[in-house]
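Q: What follows is the residue order along each chain.
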Amino acid sequence: MSMNNQGRPTRQSVDDDAGTAQATSTGNRALMLEEALIFEISDSTRTGVDLMEAPKVASRLGGLERKAAIGLPGLSEQETVRHYTRLSRQNYAIDLGLFPLGSCTMKHNPRLNEKMARLPGFADIHPLQPIHTVQGALAVIDELGEWLIKLTGMAGVAMSPKAGAHGELCGILAIRSALEARGDKRSVILVPESAHGTNPATAAFVGYQVEDIPANPDGRINLEALLARLGPDVAGVMITNPNTCGLFERDLKTISDAVHAAGGFVYCDGANFNAVVGKVRPGDLGVDAMHINLHKTFSTPHGGGGPGSGPVVFSEALAPFAPLPFVERMDDGRLALIEEESAEDHHASSFGRMVAFHGQMGMFTRALSYILSHGADGLQQVAEDAVLNANYVLRSLEDVLDAPFGAAGPCMHEALFSDAGLAEGFSTIDIAKGLIDEGFHPMTVYFPLVVHGAMLVEPTETESKAALDQFIGAFRSVALRAKAGDQLLHSAPHFAPRRRLDETLAARKPVLVWTEPAAAQAEAAE
Amino acid sequence: MRYLPLNSHDRQAMLATVGVATIDDLFIDIPQEARLSGPIHDLPMHAPEMSVERHMKKLAGQNLVAGEVPFFMGAGAYRHHVPASVDHLIQRGEFLTAYTPYQPEIAQGTLQMLFEFQTQVARLLGVDVANASMYDGSTACWEAIGMARRITKRATALLSSGLHPHYVGVAKTMARFTGDALVHSAPTLTADTDIDALIAQIDKNTSCVVVQYPDILGRVGDLTALAQATQAAGALLIAVVTEPVALGALRSPGEMGADIVVGEGQSLGVGLQFGGPYVGLFGCKQKYVRQMPGRLCGETVDAEGKRGYVLTLSTREQHIRREKATSNICTNSGLCALAFSIHMTLLGEKGLRSLAEINHAMAVTAADRLAQVPGVSVLNDSFFNEFTLVLPKDARAIVRELADRQILGGVSLGRLYPEEAALSNGLIVAVTETATHEDIEAFAAALQEVLA
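Quick mapping for you: the protein sequence lines, in order, are chains L and B.
Residue numbers for the first sequence follow UniProt numbering, so the first one is 1 and each next one is one higher.
Residue numbers for the second sequence follow UniProt numbering, so the first one is 1 and each next one is one higher.
Keep in mind that the hints were calculated from the coordinates and are not lab data.
Keep in mind that the hints are not guaranteed to be accurate.
The list that follows gives simulated cross-link-like pairs (lysine-lysine, DSS-like), each with its CA atoms no further than 27 Å apart [as the list claims (entries may be wrong)]:
1. L/67 - B/153
2. B/285 - L/509
3. B/324 - B/172
4. B/285 - L/185
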């Protein structure tokens with residue numbers, strides 16, 4: 001029986017009204033409105049802006065004046081507002097409810113962060129303004145960097161990487177630069193199976209051979225296999241910790257010591273740092289470089305998938321190779337921006353620039369606001385609540401769902417289940433689409449790859465016990481239906497703005513841009 | 001700890017359900033000797049909203065706000081007026097707090113928006129297809145060079161001397177590790193672009209020619225002959241647009257034959273933001289679509305035959321192909337792409353063309369006025385909203401002195417090319433619709449004073 005958030009029943013059964021609702025002539029369903037594409041509701045004469053008159057001058061465009069129409073649709077302001085507001089209502093979002101995407105981490109986005117990022121002193125300054133006119137902006141970068149260094153127990157930080165995967169690139173480039181600086185040509189990066197998919201892609205992208213290290217039956221790195229593979233050709237290992245099975249790599253310190261002894265470096269994918277922030281400093285475990293996804297640990301918004309921000313912290317061995325630009329405090333207290341111009345003298349070992357300007361300033365202001373709001377005590381509580389919530393989900397569902405590493409001890413920030421034990425023909429996707437009908441965003445599906453039919457649930461620290469109980473109840477009911485072989489699950493979702501979408505068709509015949517229907521084209525040609 | 005909903009009663013009840021006595025029992029996998037027992041002591045503790053706000057405002061107050069002074073800076077980041085409804089709409093929680101559309105049935109808002117964005121971008125750049133955005137223009141430029149290497153199986157990229165030096169810097173950093181060879185030299189202070197020189201350098205090892213339009217000094221040149229010469233040699237022409245508003249007035253690179261067009265979309269909807277987050281634009285000819293990096297949104301149908309949208313062609317991506325992936329990119333600039341798309345929708349064909357016209361007219365007005373300042377000349381005859389002044393002395397000091405007089409008067413070439421003494425008197429000046437005639441007059445008067 002379905003319950004509302006006061007625990008009262010909302011309707012008798014799931015399939016009551018699915019087949020009986022009358023189709024509407026518009027395709028709309030009361031508040032859920034169908035919305036055409038802007039190209040279908042606009043024309044080239046309409047505009048939603050009033051601009052001043054241009055002064056009359058002779059053009060100096062070098063004879064390259066545009067003649068043909070661009071083909072841009074225009075709408076009045078009101079139509080534009082309505083279009084995007086209607087579209088927004090076709091989205092699930094953290095503001096609407098629990099968003100348990102394991103390994104992706106969607107938590108509450110405090111609106112104070114948004115307000116702070118929009119202060120004109122941060123939002124309306126140019127990246128190349130004279131340094132003495134942007135001291136406050138550099139102070140934000142410096143202050144956030146200091147927090148990241150202290151929270152991780154590392155020696156330096158690169159703020160410019162634009163996203164987590166860009167941060168990985170930054171870390172691997174620093175490792176390679178450090179090896180080159182000592183004339184050491186190593187060619188192999190070891191990547192455990194439990195690492196994020198971007199890790200091997202990154203290592204391969206900059207010319208390393210990637211070798212997989214298998215996982216143990218308990219979901220952690222096979223220590224013996226890793227130690228056995230170390231040697232003079234190994235540049236480093238890339239470890240995700242906590243790993244993508246939601247587990248802490250207990251042997252990280254042993255691994256680091258062995259990698260260092262063999263002359264290599266340890267890269268840690270810190271995407272899941274929110275589970276351990278304030279509980280352990282990766283520097284104390286021997287990590288040489290680690291990126292931190294600000295949107296995951298420090299709540300910067302990721303609207304529809306981005307932007308991200310991926311600062312990288314470095315050990316003393318790698319810090320000298322950090323990319324340009326970076327911020328440095330001078331003896332007189334002023335902040336300097338070290339760019340190509342000033343890098344010559346003191347920072348000749350930097351591996352260079354990896355992005356046009358200084359990184360995701362708009363994310364720095366949000367992350368710093370979040371960090372200051374929590375403080376050192378609050379951030380520790382963040383990790384504790386994130387881990388408590390994940391374990392609560394794990395233990396509350398393991399009687400109805402297979403938990404492949406449930407016996408391996410507590411999970412960290414995310415709980416991993418699999419589709420083992422469902423009725424014949426039922427799989428993870430049925431649970432996911434069933435959850436949509438229950439009003440929840442599904443968990444991460446089919447990841448990590450080491451578990452067949454994986455379901456990775458990350459509740460995060462910003463969910464209440466009541467919200468978790470509601471989610472657990474819904475998950476349980478869908479799981480029981482999948483175990484009982486309820487055929488209706490195969491055609492779920494029934495109540496979403498769209499039924500199951502044909503992804504194969506989209507890939508086989510890619511339609512990536514809108515084109516005029518043939519009839520309209522013919523008419524226009526006449 | 002206003003963002004954390006659990007209270008001590010909840011925590012106790014949940015620990016009981018989990019079957020442990022204390023929270024630390026859940027952290028037993030962290031080695032005891034490395035585990036922190038209390039909050040890291042030299043960091044501040046949690047703070048109320050009001051005091052965080054006070055602290056952040058204090059820092060914001062130490063910056064000179066572009067919109068409060070006569071402002072003429074560009075060189076890859078431009079100040080345009082963003083209609084109020086853009087920021088209002090991107091702050092709707094259903095956009096702001098959604099994640100990557102992995103479950104398309106409940107992410108049609110984001111997906112339809114991306115499909116519309118891709119169409120707008122492809123039309124603006126003059127190419128067949130565009131992706132759902134990249135980190136920014138500089139990383140999009142590097143990814144385009146990598147794409148050309150994959151397509152041509154050659155590894156020498158010719159970079160125009162007019163390409164933004166930071167874009168060159170990113171390419172240089174990456175090329176060191178991927179084995180690409182880059183051919184590039186700094187610009188010289190001439191009125192003409194380097195198109196003929198580029199054509200002369202193309203050979204059988206050339207994977208691509210990368211040219212900026214308008215270029216770093218504001219110059220515009222016809223790319224048609226360059227496209228033909230590049231393609232005749234079996235290489236690709238990559239055009240880089242750092243100011244998309246220019247394409248409201250100028251022929252698009254795609255129209256002139258470019259194979260890949262990348263750009264920085266910050267001008268529309270996004271704002272200056274001290275350099276980020278920005279939004280990389282990336283489009284190409286249809287035949288190269290499967291080599292294009294980044295996310296793509298495609299049209300399809302649902303089980304009832306209704307039109308809908310999904311992320312597609314993800315077989316190129318890291319989560320499927322791991323070390324065989326086309327690139328390691330795992331995100332796009334979704335929210336900035338949304339802002340770009342909304343601003344573009346508000347403008348429409350008519351608005352974008354008017355906006356471009358105003359930008360150009362104000363820039364021409366400013367160029368003529370600044371040329372009257374004794375000792376100052378305008379380098380280039382052709383430009384859109386950005387041109388280069390040649391001053392009688394080092395422009396770096398001039399920019400600082402202008403800033404002391406509350407005028408942000410352009411980007412010195414010395415800041416961008418510290419190694420090139422021959423460029424030190426160059427000043428890049430951008431003039432958009434946000435500049436007034438009074439601003440231009442104030443700039444000219446201050447420049448005259450500073451140079452006197």
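Q: Out of the numbered hints, which ones does the structure contradict?
A: Those not satisfied are hints 1, 4.
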